Amino acid sequence: ARLNIGSQKFEIKKDSNSEPNLIEIDSSIKVEMDGIIYKSHTINLDGQKITAVLEDCIELSNISLYYFPRKVIKMPVRTGAVAPSSGSSSDPKPKWADANEFLINKDGKWHSIPRSFKKLLAKNIFDQKLLKKYKKANKLNLKKKESLIELVSYFNSI
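The opening position of the sequence shown corresponds to residue -11 in the numbering used here, with each subsequent residue numbered one higher.
Hints may contain errors.
[As the list claims (entries may be wrong)] Computed list of lysine-lysine pairs in DSSO-like fashion (alpha-carbon distance at most 30 Å, straight line):
{"#": "1", "residue 1": "106", "residue 2": "121"}
{"#": "2", "residue 1": "120", "residue 2": "81"}
{"#": "3", "residue 1": "83", "residue 2": "94"}
{"#": "4", "residue 1": "123", "residue 2": "94"}
{"#": "5", "residue 1": "59", "residue 2": "-3"}
{"#": "6", "residue 1": "81", "residue 2": "62"}
{"#": "7", "residue 1": "107", "residue 2": "94"}
{"#": "8", "residue 1": "111", "residue 2": "124"}
{"#": "9", "residue 1": "-3", "residue 2": "62"}
{"#": "10", "residue 1": "106", "residue 2": "81"}
[Stated by the list, open to error] Now the in silico label distances, taken between C-beta atoms and shown as ranges:
{"#": "11", "residue 1": "82", "residue 2": "57", "range": "35 to 41 Å"}
{"#": "12", "residue 1": "134", "residue 2": "10", "range": "44 to 50 Å"}
{"#": "13", "residue 1": "37", "residue 2": "8", "range": "25 to 31 Å"}
These aren't lab readings, by the way, just hints derived from the structure by calculation. Because the structure is a prediction, the values reported are computed rather than measured. Using N, Cα and C, we set each Cβ at its ideal position, and we do this for glycine too.
Working from the sequences, and respecting the hints, build out all of it.
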């Protein structure tokens, strides 16, 4: 089995030579791969309601942390400077790009975790004084799952 993060669907093969079967995702989906549990969640993020397959990092009574593996299509960035034509031209092609992110569900609300501490403070997910104190006392890395699990555990315990 594999998770196609582009389509947000699981693909399962009977054997290595067979075509993959897609599993439609609904609220009953729960898959374990390599010891990691993925479940379907309906989330409301930035005013957009979507159904997504998320890795359960830690689920606690007041706050939970999830990892959202996904990819998006990115268009190439065009610069202002244009080189002289060489006679042959090909348009830059769009490419798949990682758009993975960590999500927190706190008090029934979904929040994406930014990669900078300053942006995390601005989101007001946590008490700002306690968050600053926590960062000073701990090595908080907003890109590492283990670090975020410790943060979520701390704020669930107070």
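Verification of the supplied hints:
1. Using a Cα cut-off of 30 Å, the hinted pair residue 106 and residue 121 holds, with the two alpha carbons roughly 14 Å apart.
2. Simply put, residue 120 and residue 81 have alpha-carbon atoms about 43 Å apart, too far for the 30 Å limit, and the pair is violated.
3. At most 30 Å may separate the alpha-carbon atoms for a hinted pair to count; residue 83 and residue 94 exceed this at roughly 34 Å.
4. Of the pairs offered as hints, the one joining residue 123 and residue 94 holds, with about 19 Å between alpha carbons and a cut-off of 30 Å not exceeded.
5. For the proposed pair residue 59 and residue -3, the alpha carbon gap of about 12 Å is at most 30 Å, so the pair holds.
6. Between the alpha carbons of residue 81 and residue 62 the distance comes to roughly 9 Å, so the proposed pair stays at or under 30 Å and holds.
7. About 17 Å separates the Cα atoms of residue 107 and residue 94, which keeps this hinted pair within 30 Å; it holds.
8. For the hint pairing residue 111 with residue 124, the CA-to-CA distance comes to about 19 Å; that is within 30 Å, so the pair holds.
9. With a CA separation close to 20 Å, the supplied pair residue -3 and residue 62 stays within the 30 Å bound.
10. Distance hint between residue 106 and residue 81 is unfulfilled; the C-alpha atoms sit about 34 Å from each other, more than 30 Å.
11. Between residue 82 and residue 57 the beta carbon distance is about 20 Å. The supplied range of 35 to 41 Å is therefore violated.
12. At roughly 32 Å, the beta-carbon separation of residue 134 and residue 10 lies outside the given 44 to 50 Å, and the hint is violated.
13. For the pair residue 37 and residue 8, the supplied restraint of 25 to 31 Å holds, since their beta-carbon distance comes to about 28 Å.
Figure legend: structure checked against the earlier numbered hints; hints not met, in rising order: 2, 3, 10, 11, 12.
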